[in-house]
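Protein chains: 2
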Amino acid sequence: MAKIFIRELDNIKKIILSLGAMVEERVRLAVAAVESKDAKAAQRVIKTDYEIDEMEVEVEEACLKVLALHQPVAVDLRFLIAVIKINNDLERIGDQAVNIAQRVAVLAKHRDVNFEFDYTRMAEKAQTMLRMSLDALVNLDEDLALKVVTLDDEVDTIQRDAYDHIKSAMKENTDKIGYMINLLLISRHLERLADHATNIAEEVIYMIEGEIIRHGNY
Amino acid sequence: MAKIFIRELDNIKKIILSLGAMVEERVRLAVAAVESKDAKAAQRVIKTDYEIDEMEVEVEEACLKVLALHQPVAVDLRFLIAVIKINNDLERIGDQAVNIAQRVAVLAKHRDVNFEFDYTRMAEKAQTMLRMSLDALVNLDEDLALKVVTLDDEVDTIQRDAYDHIKSAMKENTDKIGYMINLLLISRHLERLADHATNIAEEVIYMIEGEIIRHGNY
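Sequences listed follow chains A and B, in order. Position one of the first sequence corresponds to residue 1 (my numbering), numbered consecutively onward. Position one of the second sequence corresponds to residue 1 (my numbering), numbered consecutively onward.
No lab work stands behind these hints: they were computed from the structure. It cannot be assumed that every hint is accurate.
It does not matter which identical chain is used: a pair holds within one copy or between any two.
As the list claims (entries may be wrong) - Quick list of in silico lysine-lysine cross-link-like pairs, DSS-like style, CA-CA up to 25 Å: (1) Lys3 with Lys147; (2) Lys147 with Lys171; (3) Lys176 with Lys37; (4) Lys125 with Lys109; (5) Lys3 with Lys125; (6) Lys147 with Lys14.
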């Protein structure tokens with residue numbers, strides 16, 4: 001394998017990891033803004049989303065360049081296609097961080113409501129899943145990727161708890177239904193974020209096995 | 001360009017269109033099940049989702065085969081990468097049809113509730129967007145793809161109306177909050193479905209222009 005090709009693959013691994021780190025940080029900031037009902041901090045997450053979009057384009061262009069110049073086959077071809085799809089998921093995780101941040105404006109208007117839902121555990125799990133799925137990608141670690149898939153069930157369980165919990169609170173606080181719907185939607189955004197991390201992990205397993213586990217056949 | 005390569009590209013166009021038609025039909029069935037509160041029809045949508053998953057795999061494998069055997073460059077390379085990403089969006093639209101269908105069980109239990117939300121207009125718009133985005137793909141029709149992007153704003157407007165409408169209904173029917181949340185979630189699934197159609201259209205424009213419009217820079 002040409003040295004320049006190896007160097008370019010390494011470069012792609014480096015930039016997809018940077019994008020992953022950037023996305024992870026945005027998720028952290030968005031959830032922190034929810035917890036503190038800090039509308040200004042939420043605005044920063046919304047306004048800087050273009051940086052993630054730009055980096056997504058950079059990753060895809062790098063992959064297309066390597067595909068066109070080196071015309072890789074077999075495992076290298078699968079790796080590049082996996083990166084292109086994972087790149088897409090990372091950008092959408094960034095969009096979820098924006099969605100979460102957009103809910104903060106409503107929360108900030110209701111500082112008096114004393115019903116809160118603790119998103120920390122759910123958010124931390126989702127972030128762990130994201131980090132693990134990217135580590136699994138660069139280290140081609142199938143076991144780690146499989147762990148992410150099982151973690152997704154835990155996030156779904158917390159999401160169902162959130163749903164029940166918030167639903168009962170709605171009945172008791174009919175004057176705060178807008179606020180409560182926002183809490184419900186935040187929990188769904190976190191769930192979708194975890195889904196994207198799961199997609200990444202499944203893509204890694206698919207690439208390694210060259211087989212299909214994506215749709216539960218394992 | 002080798003005849004066999006042209007034939008294989010044509011075949012890929014054909015199977016992605018079949019997948020598109022299959023996905024469109026599932027969306028139609030899921031929305032019909034909502035409208036008629038028909039839990040059995042909804043179950044059929046859920047149980048046959050594996051067919052979409054299998055076809056997604058088939059499309060991706062076909063693309064990888066062409067990439068490995070013919071090592072296309074320039075516009076053909078971009079086309080194949082676009083199909084791989086669009087394929088992914090189609091599979092996720094299928095997941096949204098399943099998500100919608102999963103809500104029907106709760107609706108069916110509340111045949112007595114006389115509050116309904118008319119999803120027909122929203123669903124029809126989302127389906128039109130899906131059909132147009134796939135036509136834009138196979139005909140490389142940039143104008144048509146741009147039209148899809150503008151339609152997405154209309155779906156977002158209907159979604160906001162749904163939100164306001166259902167929110168007020170919740171306040172007046174606090175004993176039916178679970179039912180109402182289901183209506184709200186169906187409208188969000190339809191919105192996400194339209195988002196995926198928009199992603200497809202943006203991918204087509206991106207491919208044609210070889211430029212980035214995906215992130216609103218147009």
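Going down the list of hints, with the structure as the test:
For a Cα distance limit of 25 Å, the shortest separation of lysine 3 from lysine 147 qualifies neither inside one copy, at 34 Å, nor across copies, at 45 Å. For the homomeric pair lysine 147 and lysine 171, neither the shortest alpha-carbon distance inside one copy (37 Å) nor that between copies (42 Å) is at most 25 Å. For a Cα distance limit of 25 Å, the shortest separation of lysine 176 from lysine 37 inside one copy, 16 Å, qualifies, whereas the shortest one across copies, 29 Å, does not. Proximity of lysine 125 to lysine 109 under the C-alpha cut-off of 25 Å is found in neither arrangement, the shortest distances being 28 Å within a copy and 34 Å between copies.
Taking CA atoms no more than 25 Å apart as the test, lysine 3 paired with lysine 125 passes in neither setting, with 39 Å inside one copy and 51 Å between copies. In this assembly of identical chains, lysine 147 and lysine 14 lie within 25 Å of each other by CA distance solely inside one copy; the values are 23 Å within and 37 Å between copies.
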